[in-house]
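Q: Spelled out from the first residue to the last, the chains are:
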Amino acid sequence: MPDSRSTTGRRVFLIRAAGAAAALAFARPALATPDSLQAAIKDVVGDAPLREGRLVLELPPLAENGNSVSMTVSMDSPMTEADHVRAIHVLNEKNPQPHVMSARLGPAAGKAQVTTRIKLNDSQKVVAIAETSDGTFWVAEADVIVTLAACVEDMPQ
Amino acid sequence: MSNALINVPRTVRRGEVFQIRTLISHRMETGFRAGTNGQLIPRDIIDRFSCTYNGVEVFSMRLTPAIAANPFIGFHTRATESGTIVLRWTGDNGFSVEETVAIEVV
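Listed in order, the protein sequences are those of chains Y and D.
Numbering of the first sequence is given in the numbering used here, commencing with residue 1 and proceeding in unit increments.
Numbering of the second sequence is given in the numbering used here, commencing with residue 1 and proceeding in unit increments.
Looking at chain Y on its own, in the form it has when it is part of the complex:
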């Protein structure tokens, strides 16, 4: 006598397998390549030169879970009317979209520091760019190894 429960189980499995296959075949988003990272940087800074040194991007070198990675971007700045950080942008290399966040600050912020948690789809390079009130751009990079990538876990029913 056939067990109806196991038939249902097989059916659910087949539907899931078909869904997963379809997801792989059609729904795979175009990954941000280093080229798209370059394009995104150009989008933010235009043709201005990028300087290194003052901006600090803190990310763990090894992230166990790409769904939530703590990130702090800070810059040594007096944050006065004459000399402050206007904006902080964060970009990445291999997520479906190169943009992660953009923050607007001003002299009222008192301290040029932003902390948040981000998703990382793969082990990759993350780039932070700060724009100061005199119109110069500062850059900092960090490489993160991700053990469990974001965006790949099973969907809840």
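These aren't lab readings, by the way, just hints derived from the structure by calculation.
Here the structure is a predicted model, which means the values were calculated and not measured.
A hint or two may mislead.
So the derived label-pair ranges between C-beta atoms look like this [said to hold, decoys possible]:
| no. | chain 1 | residue 1 | chain 2 | residue 2 | range |
| --- | --- | --- | --- | --- | --- |
| 1 | Y | 143 | D | 7 | 39 to 45 angstroms |
| 2 | Y | 145 | D | 27 | 33 to 39 angstroms |
| 3 | D | 82 | Y | 50 | 51 to 57 angstroms |
| 4 | Y | 39 | D | 98 | 34 to 40 angstroms |
| 5 | D | 43 | Y | 82 | 24 to 30 angstroms |
| 6 | Y | 82 | D | 40 | 45 to 51 angstroms |
| 7 | D | 98 | Y | 147 | 34 to 40 angstroms |
| 8 | D | 13 | Y | 35 | 45 to 51 angstroms |
Cβ atoms here follow ideal geometry from the backbone N, Cα and C, with glycine treated the same way.
Got chain Y sorted already, so can you dock chain D onto it with the hints?
A: Just chain D now, with coordinates in the frame of chain Y:
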């Protein structure tokens, strides 16, 4: 429906720079994931956060699907006058939450 946790010191000294930390419950669905039926789950994220201190915007941020679920945002501002700090999150599907915190400057 929405739950926001806000960490702001109740009293600060005039001129002091202090940190504001916020956490709001939101699934931050990226729009790049497929469900069990193989169809993409539509994007549902918070895309903007702002903080005003006595009516003046001191910090704002554009969020993307690359921000983790239940977005945590930490930033700083300088204490000037006693008053209110208003935090606002807006996003897809008409998501809009506003929280007000009183602050005393001594």
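Q: The structure should be examined with respect to each hint, and the outcome stated for every one.
A: So, going through the hints one by one against the coordinates:
Look at residue 143 of chain Y against residue 7 of chain D: about 31 angstroms separates their beta carbons, and that is not inside 39 to 45 angstroms. One distance hint, 33 to 39 angstroms for the beta-carbon pair residue 145 of chain Y and residue 27 of chain D, is violated here, with the actual separation near 26 angstroms. Residue 82 of chain D and residue 50 of chain Y have their C-beta atoms about 41 angstroms apart, which leaves the hinted 51 to 57 angstroms range violated. Look at residue 39 of chain Y against residue 98 of chain D: about 36 angstroms separates their beta carbons, and that is inside 34 to 40 angstroms.
Between residue 43 of chain D and residue 82 of chain Y the beta carbons are some 41 angstroms apart, a value that contradicts the proposed interval 24 to 30 angstroms. Between residue 82 of chain Y and residue 40 of chain D the C-beta distance comes to about 48 angstroms, which sits within the given range of 45 to 51 angstroms. Against the hinted window of 34 to 40 angstroms, the Cβ-Cβ separation of residue 98 of chain D and residue 147 of chain Y comes to about 38 angstroms, which satisfies the hint. Against the hinted window of 45 to 51 angstroms, the Cβ-Cβ separation of residue 13 of chain D and residue 35 of chain Y comes to about 50 angstroms, which satisfies the hint.
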